[in-house]
Amino acid sequence: MPSPVFLGEFEQLVLIAILRLKHDRSVLTLKRSLDEIAGRAVSRGALYRTLDRLADKQWIDWSVDDERRPERGGHPRRQLRVTPAGLAVLRASRRTLLGLWRGLEKELGR
Amino acid sequence: MSRWTGPPRLACRLIAAILPPTIAGRSTLGDLIEEFHQRPRGVRRRLWFWAVTIELAGRYLPGRLRALGGGFVRDLVYAVRLVRRSPALILGALLSLGLAIGVSTAAFTVVNGTWLRATLADDPSLVRAWRRHANGASSAWPLDEFSALRAQATHVRLEGVLPSAETVAPTATPGTTATVTVAFVTGGYLSMLDAGPYAGRLIGPDDDRPGGAPVAVLDHLYWRRSFDGDRGVLGRAVSIGGRDFTIVGIARRDFVDPTRRLPAMWAPLASLERLPARATEPRPWMVGRLGAGMTIADAETALTSLFDMLPRTASPRATAIEVFPVVPAAETAANRQVLTGVFVVITLVLVMACANVSNLQLAGTASRGLEMAVRVSCGASRRRVLRQLATESVLLCSLAGALGLLLASWLTPLLAAGLNLSGPDVDPDARVYLFVVAASGISAIGTGLWPGLHAARHELPSGLKGAAAGRGARRTRSAFIAAQAAASVVLVTLAALQVRALAHLAWQDPGFDVDRVLGVTVAFPRTPDAEARAAAFWPAALDRVRSLPGVETAGLASFTPFGINLGDAGQVFTNGADASYFAAVGQRVLRGRTFSAAEVAAGARVAVASEQVARRFFGDDDPVGAAAGRIDRTYAGVTIVGVVADTIVDRIHPVRTPLVYVPLEADGHTQMAVRTNDPAATAGVVGDALHALAPEVRPTVTALAEPYARQFDRPRRYAALAASVALFALVLSVAGLAGITAFAVRTRRREIGIRMALGARTGDVTGLFVRDGLRPVIVGLMLGFGAALLAGRYMAIQLFGVSARDPLALTLAASLLISAALAAVLAPTRRAARLDPAIVLRDG
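These protein sequences, in sequence, are chains A and B. Note that the first sequence covers residues 2 to 111 in this note's numbering. Note that the second sequence covers residues 711 to 1554 in this note's numbering.
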């Protein structure tokens, strides 16, 4: 049995939000999307630390725009991507959660 | 784009330092900058950026610190916990030190951007060549003379520069025009002055040819402010006076143009032909570099003899060439004095803050005696205890340094604006950051040393018994208070002297009727017969102006007061004057007489000396009737016929410019002085009359009271600045004194209780503490006065004639400090004296 993988709630939110982004997968667009999903302004510090953590676990990676943008002070822009390992973790987490929810329809309905 | 359109630079640098130096870190900074630009302009988005910076610092800093190492981090964590335990003590220390570092850094940044950069750029082999002619001397050279001399000079490398106000716009963004100084220069000018480049290239001889490509080199500061420091500007076009110039380079940051007109860019002199025709012929200034081992006198002789050999040119012949250092000796001396003065003030402010914090720390270690004793008895080495204290000091001073840097980033623009410095480069550079690090480091040593040594000497048993600090500690505290009092008395005295100097300045005799004289300058159209037309214009203009209602009289001179910028006040200058000039400006004749109309018409070999010339060259002799050759060989054969009062020439200066007046030969640069009862009303009338007389000329009429009033701006700002620093120092030292007295009273509560129980009255106890508290203040006061007298001597140039031993200023400073000290000591002492001895003795 593979060792259990812990996926925090916010990490899960971030991974799902990245998957939902279609064209522009930059951090700024991700933050806007997360703000909508969470219904509140997500803290930038928390977001960037989470991205660092997800990258350390190799669940996300990114490509960098070659274009040199003056409005970014010449700094690169990342386009995020969920790695196959990240997808596998998400899949497992979804399975676990759905399993947990199963059979609770009556309680939830109450 | 101004510096306020981009995100705060300091915050960007902090983020860059905090985040890991990876692509992720850099792109995070990029995200924040991009989001900054998407937000509506204004202060709120700057505040937002700072808030995000602090949030990121909170997230990333602990991890970065952990990576630094074990023991240090443990000490640091403990130090942070201490902050939580006694926040008031630490915050007081932090605020005191942070404010001091902030004020010092702001002062240093401004000084660095102006005087320090100018002093470092000062090169004694750089000179300016003036042409002396019949009516005096001028820095502007007719093009034909300039070209001929430059081509022939071999001993001195000569280059030309013509600073000119031009309308400039980056061609890519039309509509954003500004009027800035563009210096039109010869091909070798920038390389001779070692102007870099920082990027791209400089203007070369190939650019300065008729038909050469129109190119421009940007000033580093202008590039940062107007192009946001974008290196992509190279190769782009910039419009100067409506014509496109290609930007080919950026000058190095520390380059100071010797014209001191702060040019925004440099363009080839030859490219002037592309711009619309000027009202007057362009006359460049001549800047040169002396060959190895050559003195200024050698250069003057060589250039004058070379000039005599040149074929005659169209313009009226110059008689000699005068060579001056690019930076006048008086300015270099004044710069050094300002620098010394500011560094003394910075040192004093830092010393005061360190003394303050040391005292607080001493109080802290005294109350932490038990903790130290327990640590030592549990096996901690003295070294370990010292390291802990050192870490606390370093943490405190680093935080104070960061706070100071933040404060300085707000204070510096205010300070520069307050001093009305025309466009200095006050963005922090490496020197400023080095200063902050040094100031914080010195503070760390200054604040940590005494408490550390004290703790190391601390006797174990007394610590365990919780005994209060002994006599030694009290003596150290007194020494710190004395040092603080001395430093603040110096600052308060210097401020009082500045205020007195301002008052003194207002009473100084300007030497002419400031409120009744109009100065008139005239620009003639650039035509081949311009000089002849100017010569014909002036007599007619005088007649016309004299006949106007409200005009008492009018006279002509090469320059009227405030009509010229001489630069070096110590040099003897020649001024041409006609028969009625002295009466027109209201200049007193002290001996002899002034010129007659016949003498002026004939160009007689006579001269009128100013009081300064008479005193300097003739001493007790009567100069009237004497030969003027004694002043300078250029006046050989000229007889002095009178002495007139000194006047202000271009600015208020303790030494009035020595002037020799000679009969005027009117030309295109002549100026007119008009005496009237109502300058405001007459100014317009005079301008209209001259324009009606010759529609092609452009007269400028100024009531001389205006430039005179502007002379007070700088001294007023110096006084205001000195007063604010002194106030800050006073608050700092009073706060320190109050804190220490409160501490002393707390540690001596038992003693107070016993005294009261034995029958001492409230007055006795108050008297005891006031005596104890004020003793070090008085000692400091004495020391401070001695130091202030010494420092006052160094700033004599800014005192405009007020003695550094001015009794009024010294009394004012002493009474201010003593009353402040008394207030600081009385409050805690009175509280202590009201204590109930029974309660005190019971509580221990």
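FYI, nobody ran anything at the bench for these hints, they're computed from the structure. Accuracy of the hints is not assured; some may be wrong.
As the list claims (entries may be wrong) - Calculated cross-link-like contacts (lysine to aspartate or glutamate; reagent style DMTMM-like; alpha-carbon spacing at most 20 Å):
#1 A/K58 x A/E10
#2 A/K107 x A/D66
#3 A/K58 x A/D36
#4 A/K32 x B/E765
#5 A/K32 x B/E1262
#6 A/K23 x A/D57
Quantities reported herein were computed from a predicted structural model and do not represent experimental measurements.
Practice prompt. If any of the earlier hints don't hold here, list their numbers in rising order.
Written response: 2, 3, 5 and 6
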